[in-house]
Every structure is written in structure tokens, then in C-alpha cells.
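Respectively, the protein sequence lines represent chains A and B. Heads up: take any position in the first sequence, counting from 1, add 4, and you land on our numbering. Heads up: take any position in the second sequence, counting from 1, add 45, and you land on our numbering.
What the hints contain is simulated information worked out from the structure, not anything from laboratory work. All the given hints hold, so there is nothing to weed out.
Here chain A is said to cover these stretches of chain B; the calculated rule only asks that three of the stretch's residues, wherever they fall, bring their Cβ under 8 angstroms from a Cβ of chain A:
{"hint": "1", "segment": "148-162"}
{"hint": "2", "segment": "309-317"}
With beta-carbon atoms standing in for the labels, derived distance ranges:
{"hint": "3", "chain 1": "B", "residue 1": "Gly103", "chain 2": "A", "residue 2": "Phe296", "range": "40 to 50 angstroms"}
{"hint": "4", "chain 1": "A", "residue 1": "Met135", "chain 2": "B", "residue 2": "Met46", "range": "31 to 41 angstroms"}
{"hint": "5", "chain 1": "B", "residue 1": "Phe164", "chain 2": "A", "residue 2": "Tyr275", "range": "16 to 26 angstroms"}
The beta carbon of each residue, even a glycine, is placed where N, CA and C say it ideally should be.
Listed below, chain by chain, are the residues.
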Amino acid sequence: MKARWLDILFLGALLFVLVLLPLLVNNYWLRIATGALMWAGLACSWNMLGGYAGYINFGHSAFFGLGAYVTALMMVDPLGLPFAATIPAGIAVTAACAVIIGAPTLRLRGAYFAIATWAFAEVLIQFATVMEFTGGIGGLSLPPFLNERFFYFAMLMAAALTYLVTWALFEHSRFGLKVKALRDHEPAAEAMGINTSLVKLQTFVLSAVTASVFGAIFAYWVTFINPKSVFGGDITDQMVVMVLLGGLGTLWGPAIGGVALFVVNRLIWMYWGDTAFYIAILGAAIVLVVLFLPNGIAGLFAKRGRGSVSVLGKAVEKLVGAGEGDRK
Amino acid sequence: MDLFLQTLLNGLLIGGVIATFTIAFQLTFGVLHVIDFAVGGWVVLGGYLGYYIVAGLGLDGFVAIPVAFVLFGAIGYLIGPILYNVRNSRTARPELMALALTFGLFTLLRGGMLTAWGFNTRTVATALSGESLMVGPVTVPLIRVAAALFAVMIAGGLFVFLYRTRYGLAIRATAENRHNAALMGVNIRRLSANVYGLYAGITAMAGVLMGAIYSVNPESGLRYTLFAFFVAVLAGLGSVGGAVVAALLLGVVEAYVATYVGSSYSLLAIFATLFLVLLISPRGILRRGL
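Could you build the full structure based on these sequences and the hints that come with them?
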């Protein structure tokens, strides 16, 4: 019970600092904080499928890019819709895409799934590059909105919601237990009466939709996107490294890995002004983590807890509608 | 009609070069049960080795082929056991960890090459560069013919090794059933290291040829990884014989799309086909995959 209060106290303090941050630092650091929040959230979205369900998605940038492109296409000239209207649209498009892509690919195991998702993301890059309406390789420019605080709070809200949903749904609900069961032994989970196809698809869609929301905010924030900047493999690479570094299938691992790596990224950019070296560091980080720290940073502090279902977990489960289909 | 024949021939010649490293890629999967994302990295490194042998030592590009085999064979021989250990470790998901390891290796190679050599494109110069041969109405660049001949030699050598020697038998036995092979006295760990070395060497040789035909830059590794995956998926992972057919098919399809639709569509076409094949027939068109 004591540890629980400490957790809550720590979280409260963290949230307090995060909310007050815009008052404490200048715009430069606020931008960095915004980016760190985005990566922490993106890493968490990748971890939903990669960490909890054990399906390595090498094309997660596809959904980030979809969110970004839907927002951009709706905000530029012929439509000119407000930003708030584009987010539900982005969610709907991404969810539809994720169902269409996920239903067949999630039948594939391990390596085949990784290749299929990777190919899907590359198809989208090539598609966005050769098509006219996406602005081709030149990309799209959005109407600028230069309010750093707005984007900071948007990212903060999105990230906080992502972690809340992950905590409730994957750590403290029956749905989470089902997901972990199918990760650990899919045939056994199936034999226990879990509709694994449905649970996998729900996880995949949730993970995709989360990434698309960050993509939408990102597009509006940077005001300019092109196929490489939002669909690029580097985005997936970073999510994978962040989660591996932080700890696969843990709640706080992606946050730790995401913030740590993003800070490294900024430092390298500040001192070398070149991102090629960062790619090498990413690669070296993956190799070293796999070899020496397979459970990530979070694995160093792991307590052996037992899965339990909380009231909030049940509520979120109901809200998201996850796991309904196979409850008798 | 001339263009049609020309494209067919070009595609087949390129397909032959693709076949060399995809055969080795399939073999590696069969033995190690690891999908190697780094395959494109080895191709590009081979190309750069060729470039530096030409530019630095003033030798012909073809000299680089055996050098690439020895050098990258040795590097692969050192990496092989690491990969084997990760794949057979007691962590929760060794399969995903091994996948992540090769992915990391690929990223490391790409980032390292970008840092060292930048985005510039390099070509391996050979005695045959720029020469071409007229066969009736069809013009064939000699370098492609030579590359395809080399590819046939390498692939032929590999098949002789696999099907006519005792060690080749051990490799095939391991690919078929590693447990039984181990019971027959095959040292799986050492064999895995050797196979990875063989694969890295062959892939780097193919890289020298690719560098002579097209050119290489650090970003082009992605393209060759895609080729290897495409062939693997079409043939079924681990199927060596199917890889030859699938690689030739890939070469021809790419050539036709590039000639008749536009080269910017060729990657789109390949990725889309790869994706569809995975959905329709996950074990490969030939249904011989693992």
C-alpha cells in the first residue's frame, strides 16, 4: 500500500512540473520538451503491439504519417478545415486502414509480420511520393500556427492519455491479460477461449490510432511535411530503439527510452549539426541493448507483480470497447 | 519489340546477380532461423570496397570480388556466433530479439556509412564499364553480362558445395532439421557461424557487381534488403531453389516496370506485390517455405 502512495505522489509531482513547464522555460526548451513528449507517446503506441502482444511492427511510421497527411490535406487550400476537425477524421481513416491491413497481416507470425508491415509503410512512402494530391516529394505546407504553448499542451494531453489508456488497458484489465497471454503462447491462449484474432486486431488498431494522433499534432506543429519526414523508416527505427532501450512490454520503459533517446538526438544535432551520426548511434544502441540489456532499463528495476484488474481498467475497457466480443 | 527484348534481357541479367545473394540469404534463414535485415548493408559495403579498391589502389573492379568474399566472410564469421547466441538465448522472445539485432546492425551500417562517406553515389569502375555488345537488335552492356556470368559462377559454386560435399550435406541437414542434425554430430553453433560468414561474403561479392552495374550509396541498402525479402517471400523463407526463380522474376518485373511505367513506380510495384503475396500466400507462391 505504501509503494502505491509513493507512485501516486511521484506521478502527481511529475504532472505538476509538466503542466507548469511553459512558465519556467523559454520557447527553445519548450520545443524540445514537446518533442520529448511526442516520442514518449509514440514509443508507447509501438509498445502496445510490440511489447504487450509480441508482434514487431516495422512499419509503424505508416500510421504516424497517415495522421499527419490527413490533417495536412484537410487543412490546406481546397478544404481549409480547422485543426480540431482533422483529428477525428485522422483517427477514422487510420482505424479503417489498420483494420484492413491488420486483419490479414496479423495472421502472419514473427518475421513475416515484420516484413509485411515494413512493406506496407514503404508502399505508403512510395505512394505519397508519386501521387499528385499529396504534393509528391515536395510535400505539403500547412497554415502556420506559431503558438508553442498550444502544441506543448496538445502533446502533453495526447501523451498523458496514451499512458493512462496503456496503464488501464494493458496493465490493469482483463484485456491486458488476454494480450499478454497470446504473446506468451498463442495456441494456449486460443485454447483458453480467447479470441486471439480479435484481441490482436484491437491492439493493432489502438496502437495505430494513437500514432496517428501524434502524427496529426506533429504536422500542424512543424507546418511542413513530406513523405520522408512522416513516413520515413527512421521514425519506426526510433520507436523500436526507444522501446527496446526502455524495456519491451513495460509501462514506463517507452517513456524512459523515448525521452533519453530524444535528448541524445538533440545533443548530437546541437554539437554536430548532422543526423547521419545519430542513425549510427541508434543502430549501435539496438545492438547493445539486445546483447546486454534484453529487458531494457525498466527491466533493471522490475518488481514481480501480479496482474490484477482495477476499476479504472474495466471502465477504460468498456469505453474503448476492447475485449467485448469474446466475453461470454 | 526490340525494347521488349532488351528489357527482358536486362532484367534477367540483373535477376542473376540478385539471385546470388538471395540464395545465401535463404540459406542463412534455413540454418539460423534469422531474417537478416542487414543484407542490404552487406551489399552496399561490398560496393564501397570495390570503389575503394579502384579509386585507392588503382586496380580493376573485378579484383575486388575475391577480396570482398574474404574480408566480409571473416566479418560474418565473427558476427555469426553472436546472432546464434541471441537466437538461442533464454530471453522471453529470442526470435524477435534476433530480428531486432539484425535490424540494429542494418541501422548501424547505414548510419556508419552515411557518417563516413555521406550521401554521395559511387560507382565501381571495371575494364568493361561503358562497353556494350550487340546481339541482333539488342544492345547489352558488357558489364551486365560479366556480372551475370560471375553470378552464375558464384551460385553454381554454392550449389556444388551444398549438394556435392559432406559439409554441404551437413548444412542442408541443419536447415531441414537442426535437432536431428545435431544428433548426427553436426556442431550447429560452428556451422551457423560458417554459414553466416559464407552468406556475408557472397552478399558482398554481389555488392561489388551491383556497384559496377548501377552504383551504390549508403541509402541504397534498403533497396537490396527489399529485394532479398521479396525473393524470400515469393519463394517461401528458407527455400533455396525457389530463390533463383523468384530472383529472376524480380529482375524482369523491375525492368519492365522501370521501362514501361517509370522508374519511380518500380519500388512501389515491388512493395505492393510483396505485400499482396504475403496476404494471399504467406508461405510463398511456391509453398515451400518454413
